[in-house]
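Chains as they are written, first to last, in our numbering: chain B, 42 to 374; chain P, 42 to 374.
If you're looking for bench data, these hints aren't it; they were derived computationally from the structure. Do not rely on the hints blindly, as some may be mistaken.
If several chains are the same, the list does not tell them apart, and a pair holds so long as it fits within one copy or across any two.
[Claimed, not checked] In the DSS-like style, the derived pairs of lysine-lysine whose C-alpha atoms are separated by at most 30 Å in a straight line are:
1) Lys189 <-> Lys227
2) Lys266 <-> Lys160
3) Lys227 <-> Lys330
4) Lys85 <-> Lys306
5) Lys224 <-> Lys311
6) Lys371 <-> Lys224
7) Lys120 <-> Lys242
8) Lys293 <-> Lys269
9) Lys306 <-> Lys128
10) Lys184 <-> Lys266
11) Lys184 <-> Lys105
12) Lys318 <-> Lys227
13) Lys250 <-> Lys311
14) Lys266 <-> Lys224
15) Lys311 <-> Lys242
16) Lys189 <-> Lys266
17) Lys299 <-> Lys269
18) Lys242 <-> Lys318
19) Lys293 <-> Lys266
20) Lys269 <-> Lys189
21) Lys318 <-> Lys224
There are 2 protein chains.
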Amino acid sequence: MSGKVVAIAGATGAVGEEMIRCLGELKFPVKELRLLASERSAGKIVKTPFGEISVQAISEEAFKGCDIALFSAGGDVSKEWRERVVKAGCLMIDNSSAFRYEDDVPLVIPEINADAAMKHHGVISNPNCTTAIAAMALWPLYKEFGLKKIIVSTYQATSGAGAQAMQELLDQTREVLEGRPAKAVKFAHPIPFNLIPHIDKFQENGYTKEEMKVAWETWKIFGDKDIKISCTAVRIPTLRAHSESIVIETEKPVNAEKAREVLSKMSGLKVVDDPSKNLYPMPLNVSGKFDVEVGRIRQNLVFGEHGLEFFVCGDQLLRGAALNAVEIAKLFI
Amino acid sequence: MSGKVVAIAGATGAVGEEMIRCLGELKFPVKELRLLASERSAGKIVKTPFGEISVQAISEEAFKGCDIALFSAGGDVSKEWRERVVKAGCLMIDNSSAFRYEDDVPLVIPEINADAAMKHHGVISNPNCTTAIAAMALWPLYKEFGLKKIIVSTYQATSGAGAQAMQELLDQTREVLEGRPAKAVKFAHPIPFNLIPHIDKFQENGYTKEEMKVAWETWKIFGDKDIKISCTAVRIPTLRAHSESIVIETEKPVNAEKAREVLSKMSGLKVVDDPSKNLYPMPLNVSGKFDVEVGRIRQNLVFGEHGLEFFVCGDQLLRGAALNAVEIAKLFI
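Working from the sequences, and respecting the hints, build out all of it.
In structure tokens:
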């Protein structure tokens, strides 16, 4: 296992910081780590598990001799650099939604469709955070019971809108507690003690893009467009873990006990489901953790013996972004 | 229209305070208002739209010559006093869940089943807040399109657990912002920047009582046990308005435009649904308001032309409690 030259574009962002941590914790064989960001952050010194590294402005030079580039600097930056990164012979693992729906770009959750990653043409996309977290529980159920319908309602943390959005929640909550009105900067409306049922742009069909991503990306990752999927995506005043309330209709009969058994075997997923001890997934408990948690598993009352209802929580910055990207990179060492 | 002698049991609680306000704002013909609470609050002076009133400890005497008693002091207090209130010839309108499922106790939302109230035997129950808020949007859709399935995920405010729980959210949020750990007193877990997918007691089927109430009470209010209903109830760090993400399957074909038309005619419900202007229901906007708001109305992708998806927000203390109770009382003037 020879060491790799790895670049992180967007290294100073919320996801970028977690990518550095994941490379260390997953013991990725880093020969050299290049931290790339905008001109503004150039020169900043970052402590990493691989020593102190000076951030450099993103440039063509930075991808020369680079094996893998993890991109998390927004879709526009990914689009701007794609061609030059690929031409440099560097594998681009992109956290943005820019290329996710292109036929020759694999969309990968390593625990589910690692095979797809091997068919890349220079770019592999990392799924949307909401999709990635839900998919960890949906995939083993899909394999065992088949899935006809998936109905999701999300409880999404401010981290999904970046580090500044997390800071906005903290700062504006302070304002409200001191009796001043909250201001909205990164969000469309004040977020403290509120929720906003609007993430990403509205589509013609009345769903937001965030909501449609759950359908589009689950179809692509599972390789099955026949599953009917709908989602309501809601921003709530939490910091960094997303939660999702999910109801499914299965092909084969299902029940809570069988589901728990199947879910407990999924790598990267932890069943936390003991109501008698008040144990169920919660954002505070999964923040900073690699595993997605699933609980509140019960036979759904609407779909009866073909129905299941459950609740998942996952760290948006990890399974929903950095961890998944680094796991994809690990497929290539 | 002669004036009525009205008592409020639990007058110093979060709901009790709103009941006083609602009696004033709905111009209820109050001849005399008696504010009842525990011994602890006796003697406290409360400013009301009907003058300053001294709180008295609840007693048999308090219901003599009383026309209507609004109870919101918990199920145990309601059970303890029921017989004596009814014997005194006083109509008991009870906000607790103590009698809601008894056959001879009507469960009433005046905009939906005012008729049922007239068949009372001394006690009328006020529905659970989550049910009452959802029902305001579900009822006109039920009447127009028929309902086969209802799938709900809730985003419930701390007010549902009382005034102390609201204070706990504020106090503990301050603690967290000052770098100290949050303590949980009224809740099973810390609530600041977290959520708790657990409201009321767990039932044998894995649902909580709060979740089952949505099914049990909707069936009773609509007079239709054939609708399949499931719910996931989640406490989030907001103060006093509940939100709900709802997916329905209808008997007849439905679409967003037709649904908006039908919903806009419902008294007590306001359609707030203009994504192009970032207009949709949010807790901050409905707090303190009488109307429930509905928006994000769209054809549901799972149930197709028989499916609709939408988002409701309502003030938990008003439509979910005090307003509905005072509206029931108004049926008897």
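Lysine 266 and lysine 224: within-copy, between-copy, both or neither at 30 Å Cα: neither (41 Å within a copy, 46 Å between copies)
Identical-chain pair category, lysine 299 with lysine 269, by Cα at 30 Å: both (23 Å within a copy, 23 Å between copies)
Within, between, both or neither, where lysine 311 and lysine 242 count as close if Cα-Cα is 30 Å or less: Classified as between: cross-chain Cα gap 24 Å, same-chain 32 Å, threshold 30 Å.
Intra- versus inter-subunit Cα pairing at 30 Å for lysine 184 with lysine 105: neither (41 Å within a copy, 66 Å between copies)
Within, between, both or neither: lysine 269, lysine 189 at alpha-carbon 30 Å: both (6 Å within a copy, 18 Å between copies)
Within, between, both or neither: lysine 85, lysine 306 at alpha-carbon 30 Å: Answer is neither; intra-copy 43 Å and inter-copy 59 Å both fail.
Homo-oligomer pair classification [lysine 266, lysine 189; C-alpha up to 30 Å]: The answer is both: 10 Å in one copy and 25 Å across copies each meet 30 Å.
Homo-oligomer pair classification [lysine 266, lysine 293; C-alpha up to 30 Å]: For lysine 293 and lysine 266, both the intra-copy (18 Å) and inter-copy (26 Å) Cα distances are at most 30 Å.
Up to 30 Å CA-CA - lysine 311 versus lysine 250, copy category: Both ways: lysine 250 and lysine 311 sit 29 Å apart in one copy and 26 Å across, limit 30 Å.
Lysine 189 and lysine 227: within-copy, between-copy, both or neither at 30 Å Cα: Answer is neither; intra-copy 37 Å and inter-copy 40 Å both fail.
Alpha-carbon proximity between lysine 293 and lysine 269, which holds within one copy, between copies, both or neither at 30 Å: both (16 Å within a copy, 20 Å between copies)
Homo-oligomer pair classification [lysine 318, lysine 242; C-alpha up to 30 Å]: between (40 Å within a copy, 12 Å between copies)
Violated hints, in rising order: 1, 4, 6, 9, 11 and 14; the structure is consistent with all others.
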